[in-house]
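**Q** Dock chains P and C against the given chain S, drawing on the hints supplied.
Going down the list, the sequences are from chains S, P and C. 1 is the number of the first residue of the first sequence in my numbering; add one for each residue after it. 1 is the number of the first residue of the second sequence in my numbering; add one for each residue after it. 1 is the number of the first residue of the third sequence in my numbering; add one for each residue after it.
Hints in this document: simulated from the structure, not taken from any laboratory. Just so it is clear, the structure is predicted and the values come from calculations on it, not from any experiment. Among the clues, some could well be false.
[As the list claims (entries may be wrong)] Below, a list of computed lysine-lysine pairs in the DSS-like style, where the Cα atoms sit at most 30 Å apart:
(1) Lys280(S) to Lys225(C)
(2) Lys8(P) to Lys78(S)
(3) Lys13(P) to Lys93(C)
(4) Lys78(S) to Lys362(C)
(5) Lys52(S) to Lys59(P)
(6) Lys17(S) to Lys93(C)
(7) Lys277(S) to Lys33(C)
(8) Lys90(P) to Lys27(S)
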Amino acid sequence: MYKAVIGLEVHCELDTKSKNFSSSPNKFTETPNIHVSTVDLGLPGILPYPNKEAVRKALKTAMALHCENPDEVIFDRKNYFYPDLPKGYQITQVTKPMGKNGYLDILVNGKKKRVLIHQLHLEEDTASLDHFSNYSLIDYNRSGIPLIEIVTEPCLESADEAVTFLEDLRDVFLFLGVSEARSNYGQMRCDVNISVMKDTDKEFGTKVEMKNINAFTNVRAAIEYEIKRQTELLEKGGQVVQETRRIAEDGKTYSMREKVDAIDYKYFVEPNIPPVKLTKEFYDELRKEIPELKLERYEKYIDKYHLSEYDAGVLSAKKDISDYFEEVLSYGSDIELTVNFVTSAILSTIKKLDIELKELFITPKMLSGIVDKVKNKEISLDHGKKILYQAIDKKIDPNEIIKKQNLHQINDKEELLKIIGEVMDENVSQVRQYIDEGNTYVYNFFIGKVMAKTNRQANPNMSLEIIKEELERRKQDEGK
Amino acid sequence: MIEKDKLKEYAKKLMFDMNEEEYETLQKEFDVILRQMDIIDKIPNLHEVEPMTFPFLLKDRSLRDDEVGDYLTVGEVLANTKHQVNDQVKVPKVVEE
Amino acid sequence: MITELRKELDEAKVSSEELFEEAVKKAKQEQDKYNSFVTIIDKYKIKRRADSILKGIPYALKDNISTSNILTTASSNILKDYVPVYDATVYRKLKNAGAVLVGKTTLDELAMGGTGTTAATGVVRNPWDSNRLIGGSSAGSAAAVALGIVPFAIGSDTGDSIRKPASFGGVVGFKPTYGRISRYGLFAFASSLDHVGVFTRSVEDAAIVTDVIKGPDGYDMTALKDDGKSYKNELNKPLTHKKLCYIKEICDVNEYKDSEVIKTLTEFHKLIDECKSKGFEVDGVSIDKKLLEAIYPTYMIISCAEATSNNANLTGIQFGPRGEGNSIDEIMFSARTKGFSELIKRRFVLGSYILQKENQEKLFLNACRVRRLIVDRVNEIFKDYDGIILPASGKGAPSFDKSSEQVSDQQVILENHMAIGNFGGFPSITIPFTFVNEMPVGVNITGRVMEDDIVLHIAKEIEDITGLKGMKAGDRHV
Chain S
1 MYKAVIGLEV HCELDTKSKN FSSSPNKFTE TPNIHVSTVD LGLPGILPYP NKEAVRKALK
61 TAMALHCENP DEVIFDRKNY FYPDLPKGYQ ITQVTKPMGK NGYLDILVNG KKKRVLIHQL
121 HLEEDTASLD HFSNYSLIDY NRSGIPLIEI VTEPCLESAD EAVTFLEDLR DVFLFLGVSE
181 ARSNYGQMRC DVNISVMKDT DKEFGTKVEM KNINAFTNVR AAIEYEIKRQ TELLEKGGQV
241 VQETRRIAED GKTYSMREKV DAIDYKYFVE PNIPPVKLTK EFYDELRKEI PELKLERYEK
301 YIDKYHLSEY DAGVLSAKKD ISDYFEEVLS YGSDIELTVN FVTSAILSTI KKLDIELKEL
361 FITPKMLSGI VDKVKNKEIS LDHGKKILYQ AIDKKIDPNE IIKKQNLHQI NDKEELLKII
421 GEVMDENVSQ VRQYIDEGNT YVYNFFIGKV MAKTNRQANP NMSLEIIKEE LERRKQDEGK
Chain P
1 MIEKDKLKEY AKKLMFDMNE EEYETLQKEF DVILRQMDII DKIPNLHEVE PMTFPFLLKD
61 RSLRDDEVGD YLTVGEVLAN TKHQVNDQVK VPKVVEE
Chain C
1 MITELRKELD EAKVSSEELF EEAVKKAKQE QDKYNSFVTI IDKYKIKRRA DSILKGIPYA
61 LKDNISTSNI LTTASSNILK DYVPVYDATV YRKLKNAGAV LVGKTTLDEL AMGGTGTTAA
121 TGVVRNPWDS NRLIGGSSAG SAAAVALGIV PFAIGSDTGD SIRKPASFGG VVGFKPTYGR
181 ISRYGLFAFA SSLDHVGVFT RSVEDAAIVT DVIKGPDGYD MTALKDDGKS YKNELNKPLT
241 HKKLCYIKEI CDVNEYKDSE VIKTLTEFHK LIDECKSKGF EVDGVSIDKK LLEAIYPTYM
301 IISCAEATSN NANLTGIQFG PRGEGNSIDE IMFSARTKGF SELIKRRFVL GSYILQKENQ
361 EKLFLNACRV RRLIVDRVNE IFKDYDGIIL PASGKGAPSF DKSSEQVSDQ QVILENHMAI
421 GNFGGFPSIT IPFTFVNEMP VGVNITGRVM EDDIVLHIAK EIEDITGLKG MKAGDRHV
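Okay, chain S solo, but in the shape it has when bound (with noise of 0.2 Å):
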């Protein structure tokens, strides 16, 4: 039998509003060269200054996948020649990275997996060229953009296990909020490093690289393919060529160049970024925005709100959902209702509105109002959400529809006879007639005056006979 060990080096840009060494624009566009700096180009004369953001959130992330963490920021260049590289070299790092020996637990078909990161790394990101029949041309924009690179071990051993990955740790990205990672875009890009070997082998076999790879369907099918072709070419009593092969559309993959000498990227350390150090007081302020991943969350919600695996799956997956459920919860409402809430009617009104949860009118607190009602049963379930979808329609508060719709009675005496108290003064004439004639039918019309003024939330019969009580009160006074 053959097994497959697959190390994985997953590129992401960084969410920053400045690019890492320069202030001009970190945006995607597609406009050529309109967020370049004189860094970006390269020009004579020019300095890297490293954006503070950039460095916070590649800590935070190296920090998530729980790395050892550096004592001061310092970078290093990296040397080579390529049109996309406008300075010569690229700055990186090698001597003290963002993080060292972390790992990622991730759930591959229901059993848990530490992934061991390597390490993880602050870079720039290069120029992108665009290639046409004869020539190619440079765009500038891209250059200079925060990125960070993940190593991780060759600890990998099949296309799930890689994939999981890949979706694990773009979610760590999400849920850290360091960067959208949309690979369509690019920003979130992986090279997968595999070889095959027998199981009782000591020693790995010959790897094949793939680089940059965006969609991760494609890292799927680039493995699957890599792993047959290698396992049967070994079969066949044949020798895997150490070499750079890409994926083509049709799934297959197919040989670039075979491996010449390593390049020497004779790295030192980059001289005009002196070191900045890294204080305790620095990394406990970071550690506080680092917010609970999707595992522990997914956990948590098993074994401390005893949810079943599905639902907390369904409410662990995305980080806004889950601090939605999570704020709910936070205000006291009932788990049960509130999961069921959440995964049934919010979830399907985004879903079907196709918005973004943060842009649906219902916050957490307001569903916590409805939830609350239905466990105390001032309303019942199919009524809490038939109300909740009025509002979502309505763009109302439904604590208001509730009261509108007359399910929330005033029953409280002192707040009845002050309402009461200014609809006499507001209608001096009718308390005349009472008090004058004793005509009893303003009785109705002050009933009516005050229904109008509470919304029609005033209990009718505790109303009736406080205006008795206090058009009585108002004749006595006058002594007649």
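**A** Chains P and C only, in chain S's frame:
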């Protein structure tokens, strides 16, 4: 003495060439310079010393706040090359590696 | 001198236009003979709303400092048509101060040289004797000030590229603490050693110009915070830091055979005696000779290594002359093969060799270790002394035909010790102090990091002792 072919290989990796005579000069120069560099090796216990990159260190260095500042117009980006198409720099077709 | 011109401008005895025209005229007159400039500016341009001590004062910039819309070549063919789209911080500050740019000065190609003989546009000659070199790499800036074309010029200093030509040119050359003046827009040679600095004809003028161009910069992370001082004003206060030392291993007359060197050192020791009589305390201190001998190779290793990388942007793709060829590699290869002179290529190959994986530990990192040993030793000396005083060169400027002459190991130390100032980023100034064989020779004072004002102040007091202030080439030494 360092081989001339080695020096040619180094030059090629730096994306330039020299003529034979120049390589010979370089070869001789290398010899002299590498001998000078041996002076460094004579200094005792060097391996115990931390290599120095920066003239001095300061405690209050800070990183740049993440704000958009100055950047170039397309015209400025392309000001120093006449090889341009659709506001991009044109080069011979790059064979993707 | 700036102070004199300021007075004349303020008293309306001369206009800044007239000063500019005069400078341009002189620059053009002397150009054929001395070759100080790559570009001489034709049009008078001044920021009218400026209000500074430098307003209306003409000056020159080394041609490796970025000036938008003005050709900036670094005296290399690989940038022979390069017109920057941005201003270096030092240029922006001078522009805003109302100083008037007269020209861009010649340098050793890409600032990688110490002779002033390797510019793509030809050699720069010494104004005191045109058969001699002026030294480099800031050759044109030194010559322009020595010729009296401009009262000040901006240079850059990676090993001694301001302070050596200042010595050979009989002018003041000052490089402040690393980071005191922003490097943004200075074409990088060796980033960890590069400094921007000034040439003037008096110490006070050096303080005046530094006051204008120093300060923090959002484009240079290594730029220092504002020290809130006016170096010019500091010169008028009483000097309380008067403890100097020289390095015995460098200044021992008995170690040398060259008669000119012996003359220089004899004069140097006379100067020391005069300093002592003027209230300075001066001692001889020792530095291990092995360390002193290592200064030059250490400098070569670090500077060549950083330079190889710093100049990897020069490929002719996005700026500079485009190379020929059918593939991307061919056009880069052609641009760089044609664009760099042989000397530059040799340095790059050396730098690249030094950084190679198999050599990096033995060559590059060991040099970085020696750098620390040297800087640590000097900082130890600075615990007891406010400044180190040494001859800036062993003798006057060499003749062109003698520049490649073999020198003794001892002389190698004497001629290269000023790189210490770059290793540790120490403020360091050269001022003229004597004449040897009719040629000026400078004395160098190097002080503690951040104490630019003190170094200037010590230099000012020594200037008062030598009386060599405001010299132009041809002024006879009395």
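**Q** If a hint holds in the structure, say so; if it doesn't, say that too.
**A** We went through each hint and held it up to the structure:
1. Lys280(S) to Lys225(C): Answer holds: Lys280(S) to Lys225(C) is near 25 Å, not above 30 Å.
2. Lys8(P) to Lys78(S): holds, 22 Å
3. Lys13(P) to Lys93(C): violated, 39 Å
4. Lys78(S) to Lys362(C): Holds, at about 19 Å.
5. Lys52(S) to Lys59(P): holds, 16 Å
6. Lys17(S) to Lys93(C): Within the cut-off at roughly 28 Å; holds.
7. Lys277(S) to Lys33(C): Violated, because 53 Å separates the two Cα atoms, which is more than 30 Å.
8. Lys90(P) to Lys27(S): Since the Cα atoms of Lys90(P) and Lys27(S) sit roughly 23 Å apart, the hinted pair holds (cutoff 30 Å).
The structure fails hints 3, 7 (numbered hints given earlier, in ascending order).
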